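A.B. asks: Residues per chain are reported as follows:
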Amino acid sequence: MAATFFGEVVRAPCRAGTEDEEEEEEEGKRETAEDREVRRQLARKREVRLFRRQTKTSLEVSLLEKYPCSKFIIAIGNNAVAFLSSFVMNSGVWEEVGCANLWNEWCRTTDTTHLSPAEAFCVFYHLKSSPSVVLCQCSCYVAEDQQYQWLEKVFGSCARKNMQVTILTCRHVTDYKTSESTSSLHSPFLKALKTQNFKEPPCCSLLEQPNIVHDLPAAVLSYCQVWRIPAVLYLCYTDVMKLDLITVEAFKPILSSRSLKGLVKNIPQSTEILKKLMTTNEIQSNIYT
Amino acid sequence: MASRYDRAITVFSPDGHLFQVEYAQEAVKKGSTAVGIRGTDIVVLGVEKKSVAKLQDERTVRKICALDDHVCMAFAGLTADARVVINRARVECQSHKLTVEDPVTVEYITRFIATLKQKYTQSNGRRPFGISALIVGFDDDGIPRLYQTDPSGTYHAWKANAIGRSAKTVREFLEKNYTEDAIANDNEAIKLAIRALLEVVQSGGKNIELAVIRRNQPLKMFSAKEIELQVTEIEKEKEEAEKKKSKKAT
Numbered sequence: 001m002a003a004t005f006f007g008e009v010v011r012a013p014c015r016a017g018t019e020d021e022e023e024e025e026e027e028g029k030r031e032t033a034e035d036r037e038v039r040r041q042l043a044r045k046r047e048v049r050l051f052r053r054q055t056k057t058s059l060e061v062s063l064l065e066k067y068p069c070s071k072f073i074i075a076i077g078n079n080a081v082a083f084l085s086s087f088v089m090n091s092g093v094w095e096e097v098g099c100a101n102l103w104n105e106w107c108r109t110t111d112t113t114h115l116s117p118a119e120a121f122c123v124f125y126h127l128k129s130s131p132s133v134v135l136c137q138c139s140c141y142v143a144e145d146q147q148y149q150w151l152e153k154v155f156g157s158c159a160r161k162n163m164q165v166t167i168l169t170c171r172h173v174t175d176y177k178t179s180e181s182t183s184s185l186h187s188p189f190l191k192a193l194k195t196q197n198f199k200e201p202p203c204c205s206l207l208e209q210p211n212i213v214h215d216l217p218a219a220v221l222s223y224c225q226v227w228r229i230p231a232v233l234y235l236c237y238t239d240v241m242k243l244d245l246i247t248v249e250a251f252k253p254i255l256s257s258r259s260l261k262g263l264v265k266n267i268p269q270s271t272e273i274l275k276k277l278m279t280t281n282e283i284q285s286n287i288y289t
Numbered sequence: 001m002a003s004r005y006d007r008a009i010t011v012f013s014p015d016g017h018l019f020q021v022e023y024a025q026e027a028v029k030k031g032s033t034a035v036g037i038r039g040t041d042i043v044v045l046g047v048e049k050k051s052v053a054k055l056q057d058e059r060t061v062r063k064i065c066a067l068d069d070h071v072c073m074a075f076a077g078l079t080a081d082a083r084v085v086i087n088r089a090r091v092e093c094q095s096h097k098l099t100v101e102d103p104v105t106v107e108y109i110t111r112f113i114a115t116l117k118q119k120y121t122q123s124n125g126r127r128p129f130g131i132s133a134l135i136v137g138f139d140d141d142g143i144p145r146l147y148q149t150d151p152s153g154t155y156h157a158w159k160a161n162a163i164g165r166s167a168k169t170v171r172e173f174l175e176k177n178y179t180e181d182a183i184a185n186d187n188e189a190i191k192l193a194i195r196a197l198l199e200v201v202q203s204g205g206k207n208i209e210l211a212v213i214r215r216n217q218p219l220k221m222f223s224a225k226e227i228e229l230q231v232t233e234i235e236k237e238k239e240e241a242e243k244k245k246s247k248k249a250t
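Just so you know, the sequences run in chain order A and B. So in full-length UniProt numbering, spot 6 of the first sequence is number 6, and the numbers just go up one at a time. So in full-length UniProt numbering, spot 154 of the second sequence is number 154, and the numbers just go up one at a time.
I should point out that these hints are in silico values taken from the structure, not numbers from a laboratory. Predicted model, so just to flag it, every value in this text is computed and none were measured. The reader is advised that the hints may include incorrect statements.
[Said to hold, decoys possible] Derived pair list, reagent style SDA-like, types lysine to any residue, alpha-carbon separation capped at 20 Å:
| # | chain 1 | residue 1 | chain 2 | residue 2 |
| --- | --- | --- | --- | --- |
| 1 | B | K29 | A | S285 |
| 2 | B | K119 | B | R83 |
| 3 | A | K276 | B | R83 |
[To be verified] Simulated restraints on C-beta separations:
| # | chain 1 | residue 1 | chain 2 | residue 2 | range |
| --- | --- | --- | --- | --- | --- |
| 4 | A | E144 | B | H17 | 29 to 35 Å |
| 5 | A | S256 | B | E58 | 39 to 45 Å |
| 6 | A | S285 | B | T99 | 35 to 41 Å |
| 7 | A | G262 | B | S223 | 45 to 51 Å |
| 8 | B | G204 | A | S129 | 33 to 39 Å |
Note that beta-carbon positions come from the ideal geometry of N, C-alpha and C, so glycine has one too.
Sequences are here, hints too, so could you generate the full structure?
C.D. replies: Here you go:
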C-alpha cells in the first residue's frame, strides 16, 4: 500500500505474491452452476451470426465458401465505409449477400431490419456484373473475443485460393509513433501494411515500426498472412475520427490500385455523393465551435 | 509514459511536458477554422460557420464576439470554455473603462485573457481552457492589432494567423499570399481572408462568416449576400488568372 501526494491510498502491485493468493484460488474453484449459466448466456449473446436479411436465414457455410471471390475489399470504420460507398458502390450494381449480427459493449446490431446509415452495421455485397468481387462495409466494432468467430464465419477455415484482400481503415493520428516532430505531420495520411504474398507495390509508404495495427483489420491481415493470401491494409491516420470529408478523400490514392481500378467509374459524381453523405450524417454537436 | 503524467494538471512529465495543456491544444483543433488578418487600416476576422441544426436559432451559434466597441475576438475549441472566457473579458473591459476612464488596449485584454488561461494550467484540480483565440482591434493610437492566445496562456502578435481545424493549411496559404500588395487596401485584406478560408471550408461561401473593424468604426459583421459577392469576385479573378496562365503557356 502506498499513499500518494493527494492522500489517496493506492494498492501497489507486488511481484512476490500476496497472502491472499491461496484464498483467491479456492474462490475461483467454487464456480456455481449459476456462474456457468451466465457465462453460457453471455457467450451465446456475443456470438457472431451471419445471415441474409432478405430471407432472414443464416448462412450454413462461411460467406466466402458460398460466394467465392477473387477480390475481397473490406472497409472498417465510418470513414472507410463512406469512401467505398461514394467511390465504389455507386459505380455499379451491388447486391447484398449477407449481414453480420453481433453484440458487444460498443455495438448492438441486434435489430438489423431497420438500420439507418448512421448506425453501426456489417454488410457484405457482391457486384452483380462480376460476382467475383465481394465488398464488406463494417462500421461496427468487433470485440477481441468475436474477431476469430467473424473470421471463421466470413473466410471459413480452409485456405482461399486466387483471392486478393484489400482492407481500408482509420486510426487516430495520436496513435502514430514517430521520431519526427508531430507538428510536422500532415494528417490525414495513408500508410500500408501487407502480407508476404502481396507482390504489388502499395499506393503509399509502408507503416514503419514500432507502429502496430489493432482490432479487426489486424485480425484479417494476420489470417491472410497465415493462410498465404495476398492482402494489403491501407491505414489512414487522421485527427478527426468522426465522418469527415478530408479524411475520406485521403483514401483517394487507393483508386489507382489494381484491386479498385476497374470498379471506379465516375469520380466527380462520387465526390458529390460523398458531400451529400456528409451533410445527411452530420451529428449535431455543440461542444466544439 | 503519458498515462502516468496526464491525470493531474499540476504534474510535469519527466521530459518536461504538461500533457493536459497539449491535450487542450488538440481540443482546439476540433473547432472549425478561424482566420485573422491585420491590414493597414482594417482588421479582418473570418470563420468557418458550423452548420446549424434546423430548429436551432442561428443567432446563438457565434464564433466571433465583440469584447468591447473596438475589440473583438474569434475562438476555436470548446464552446462553453469560450463563453466563460468571453464573459470575463467583457467584464474586464468595462471595469478597466470605469477605473482608468480609458478603453482597454488590445494588448491589455489579450494579456488578461492569456493570464487567465495560464492560471488554469497551474491550479490544482482544474483543467486548462480548451480554446485558442484571435483578438483584433484598434488602439487609441490608431494602429491595428491582431493577437493570438492558446490554452497554455501564451500570446503573440501576428500579421495574419489561423486557428482550429486545418489551421496549418490556412497558415501556409497566408505565408505565401500575405504581401504588402495583398493588404494594400481594405477590400484586398477582406479578399485575402476569404481566399484563405476557401482553401479549407467544405461548402464555399455559404459557410463563411466575416467581421471587420476599421479605424474609429465599430465592429461590422458581413451579411451572407456581401460575402457571396466577395466570393464571386474572387472566383472571377481566379478564372482570369488561369486564362492568363494558359495564354502564356501557349
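A.B. asks: Hint by hint, note whether the structure agrees.
C.D. replies: Now the hints, each set against the structure:
1. For the proposed pair B:K29 and A:S285, the alpha carbon gap of about 15 Å is at most 20 Å, so the pair holds.
2. For the hint pairing B:K119 with B:R83, the CA-to-CA distance comes to about 17 Å; that is within 20 Å, so the pair holds.
3. With a CA separation close to 32 Å, the supplied pair A:K276 and B:R83 exceeds the 20 Å bound.
4. For the pair A:E144 and B:H17, the beta carbons lie near 31 Å from each other, so the given range of 29 to 35 Å is met.
5. Restraint check, A:S256 to B:E58: a C-beta distance of roughly 42 Å satisfies the suggested window 39 to 45 Å.
6. Against the hinted window of 35 to 41 Å, the Cβ-Cβ separation of A:S285 and B:T99 comes to about 40 Å, which satisfies the hint.
7. Checked against the hint of 45 to 51 Å, the pair A:G262 and B:S223 passes, with Cβ atoms roughly 49 Å apart.
8. For the pair B:G204 and A:S129, the beta carbons lie near 36 Å from each other, so the given range of 33 to 39 Å is met.
Checked against the numbered hints given earlier, the structure breaks only hint 3 and satisfies all the rest.
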